[in-house]
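*Asks:* Here is how the chains run, residue by residue.
Number of protein chains: 2
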Amino acid sequence: MMLPSLDDIRSAAARIAPHAVVTPVMRSDRIDALVGVPVYFKCENLQRGGAFKFRGASNAVWSLDDAVASKGVVTHSSGNHGNALALAAKSRGIPAHIIVPDGAVQTKVDAIVAAGATIHRCAPTQASREAAAAEIQAATGADLVHPYADARVIAGQGTLVPELLRQVPGLDAVLFPVGGGGLAAGCSIAAHGIDPAIRLFGAEPSGADDAFRSLRDGHRVGPFVPDTISDGLRTLIGEPNFEALREHAVEMLPVSDAETIAAMKLLWSELKIVVEPSSSTVLAALLRYPGRFAGRRVGAVLTGGNVDLDALPW
Amino acid sequence: MMLPSLDDIRSAAARIAPHAVVTPVMRSDRIDALVGVPVYFKCENLQRGGAFKFRGASNAVWSLDDAVASKGVVTHSSGNHGNALALAAKSRGIPAHIIVPDGAVQTKVDAIVAAGATIHRCAPTQASREAAAAEIQAATGADLVHPYADARVIAGQGTLVPELLRQVPGLDAVLFPVGGGGLAAGCSIAAHGIDPAIRLFGAEPSGADDAFRSLRDGHRVGPFVPDTISDGLRTLIGEPNFEALREHAVEMLPVSDAETIAAMKLLWSELKIVVEPSSSTVLAALLRYPGRFAGRRVGAVLTGGNVDLDALPW
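Residue numbers (UniProt numbering), protein chains in the order written: chain A, 1 to 314; chain B, 1 to 314.
Certain hints may be false.
When chains are identical, the list treats them as one kind, so a pair holds in a single copy or across two.
Here are the simulated lysine to aspartate or glutamate pairs, EDC-like style, with alpha carbons at most 16 angstroms apart [as the list claims (entries may be wrong)]: (1) 90 - 29; (2) 265 - 308; (3) 90 - 143; (4) 71 - 163.
No lab work stands behind these hints, which were simulated from the structure alone.
Extracted from the complex, chain A is given alone in its bound form (with noise of 0.2 angstroms):
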């Protein structure tokens, strides 16, 4: 796949403008004296669906011409693109498959369901996720959405950059969590086609560095078993995502769980929202490497708020 342009962001943002919401842009007095920065946080969490995979999943419905889109659409997804996915899907009026690994969040299964996708188990690996998504296909001509390595799953997820940068104008970084790279390729082509100058982060679990790892060596490193909390950011970073992040010279900020999950109250108190631990690596990350930030205006994005309020994890 080719990895999209900064204009193939800018039409997917009107692609997507009736059907997504602009999310608001949060801060907190406390957070930036505990960063020592100020910090802008774009609260995907209250995006459709509660998470940013809305953008990308809608999108790539939208891009569909009517032949194809009435064929339905397929993704494997442990929740979030899932969920994005059958709304984007239930708003064109299409069907939607959702291959979803054992082992996921129910809160999500249940989203998934409840925005009327039709739901197939598989087993919790790559190679089984992805056997069961091309045997849908090929049974129903199903269009594939994959979760990450997409050019308009990508597209989709960078146009929040643009919406950032006009909500917060002259951000001098921008930092996201990393887990099949959709979110990082997207914004990181969107922030430096419209400004080169602007410092890209990555924050990942310690348990799930594939990112960091494969940036480091130089090559996109192979399946691992992921060991993190931030059930978002489990899978093994996309190969065009990969790329793109090399390309933009994204640098990877390892954390662990536990800084996640102090992370995570921090933002429940001082912010007054629900997020996950996925999104909650950011502000770990803000928190462990004050010295990458110095003297800069950052953008951190919360990826969603999808959480399982009977298993929080402190």
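Following the hints, position chain B against chain A.
*Replies:* What follows is chain B alone, placed relative to chain A:
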């Protein structure tokens, strides 16, 4: 004391505008479907200090002339009002004495300390609170800013209604939790000052339904022992507050703590925001008494988000 007028509320709005946040309004398709009518939540959990109380406290603090202000302010409060007064005093650079009854939520006490106020402990009874306040007033000359039976406080709390009606024109019902009744009185005066056709509703825990019983019986009931998780609503309604509720025909809707907790989880899940039990009584009332709201567009006040994350009620 004289109850404030709509003009007083408009003056308060101008007075606090440099200090207070214009809080957002949120909604959810799923909640609207469950209630059966459109509900617009005024998010005072996103107010400074995490509660609507900052409106009244800052109106009181900035109403004082310099000579009086320099002696400081004093109040008794189990939490949000104390924190709000501490923050407002700090912004004006004057001392604040906060009398905190034993048993107050620790995170709220921590916030008062963080805001730089002097904490004084007392027994958790109305008599102890008032005696302690009188003592500090006598010793310091500090101005008493009562948490709810104070015209400046009532006017300040009322400022959220003109703000809400600008954000969502055409509401025909406003619903708020009722504790001491400062918010209820201010909102009632403001709403009927702007549009006498607006229907007013109060939500109250069954275990602290003194406003319900007072309005039913036609006179203010006496002190009672509250039994509710809604820590912000355990106070007896004030005398002028009761008169305001009666004059404005506020209909009280009691809800159980179980209903409040279920509503709290639903607000967290659907809106992705952190709200207190006290705030959640409004959604509990909407879900328990849907017939009262049929055919109306409802504004509901989410009063605060100061929760002990280590002691969630589910």
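*Asks:* If a hint holds in the structure, say so; if it doesn't, say that too.
*Replies:* Now the hints, each set against the structure:
1. Only between protomers do residue 90 and residue 29 lie at most 16 angstroms apart by alpha-carbon distance; the minimum there is 14 angstroms, versus 40 angstroms within a single protomer.
2. Taking the closest pair of Cα atoms, residue 265 and residue 308 come within 16 angstroms of each other both inside a single copy (14 angstroms) and across two copies (10 angstroms).
3. Taking the shortest Cα distances, residue 90 and residue 143 sit within 16 angstroms of each other inside one copy (15 angstroms), while across copies they are farther apart (59 angstroms).
4. Within a single copy, residue 71 and residue 163 get their C-alpha atoms no closer than 32 angstroms, and across copies no closer than 47 angstroms, so neither meets the 16 angstroms cut-off.
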